[in-house]
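Residue strings, one per chain:
Number of protein chains: 2
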Amino acid sequence: MFTTPEEAEQAFYEAMRTADLGMMMRVWADEEVICVHPGGLRTVGHDALQSTWQQIFASGPIQVMPLQPMIITSVMSSVHVLIEQITVDTPQGRQTSLCYTTNVFHKSPSGWKMILHHASQAPQEAGLFDLQDRPDTLH
Amino acid sequence: MFTTPEEAEQAFYEAMRTADLGMMMRVWADEEVICVHPGGLRTVGHDALQSTWQQIFASGPIQVMPLQPMIITSVMSSVHVLIEQITVDTPQGRQTSLCYTTNVFHKSPSGWKMILHHASQAPQEAGLFDLQDRPDTLH
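First to last, the protein sequences are chains A and B. Take the first sequence: its letters are residues 1 to 139, numbered as in the numbering used here. Take the second sequence: its letters are residues 1001 to 1139, numbered as in the numbering used here.
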């Protein structure tokens, strides 16, 4: 049981790094859940989601690092937009790619649960900066 | 003032179709807002967001149609994952592309407001089906 959305998110990335399907599915809510992987089809529902993670984990653990989270909270809901840095070791050396990822968590009687994961390829300069309001600039 | 998240979303797409910056910015919350356009950088904050929409609208209206919404609601929050069908008329004819889009709305004293828009390119078969639990299948 996750007592904060951050705890649930930490378990989500730990499950990816260890290819632990059981841990992954404990992060997700039981009923209404939606997942969009980069380049993939929209996956809807707990069982369909379990199948797609099982396929992904069949290739082994994923070297993923969540970076630069921005968090917007509401009463029973927490919206996280972060950068996933994914590293793959290839015969040509280590390759790194970035995704923008939206994770949404809802509070339920059984703690905080993920209800949405939407990840998409980000430009390489995503790691360097956001387009952001500058509080020190006159408007 | 939007009394439902659906009303706010309708205004969002109407603003895109008419390149109406004023209407677009009335859809968004005043403070914490995040926007990710396909292939673009993460945009954070109301003023930065206004600049990016202004740039987009400088090229004129966008022929966009929201399709197949899936909605997960919480107390003061509504998460919509839909398909945007975007049509562009070119000298070579009409071209259509699809995006998966997550829109999140929060309820505020001034009605429902968009706090997140995350759109990313979707495969062409996205319009045909989701990977979905089949209630008529044995588990």
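If you are wondering where the hints come from, they were derived from the structure by calculation, not from laboratory data. C-beta: ideal position from N, C-alpha, C; glycine also. Among the hints, erroneous ones may be present.
Claimed, not checked - What follows is a list of derived Cβ distance ranges for each label pair:
id, chain 1, residue 1, chain 2, residue 2, range
1, A, G40, B, Q1095, 49 to 59 Å
2, B, T1052, A, P69, 29 to 39 Å
3, B, M1023, A, Q92, 45 to 55 Å
4, B, T1052, A, I71, 16 to 26 Å
5, A, E14, B, S1097, 32 to 42 Å
6, B, T1018, A, T90, 40 to 50 Å
Against which earlier hints does the structure fall short, listed by number upward? 1 and 2
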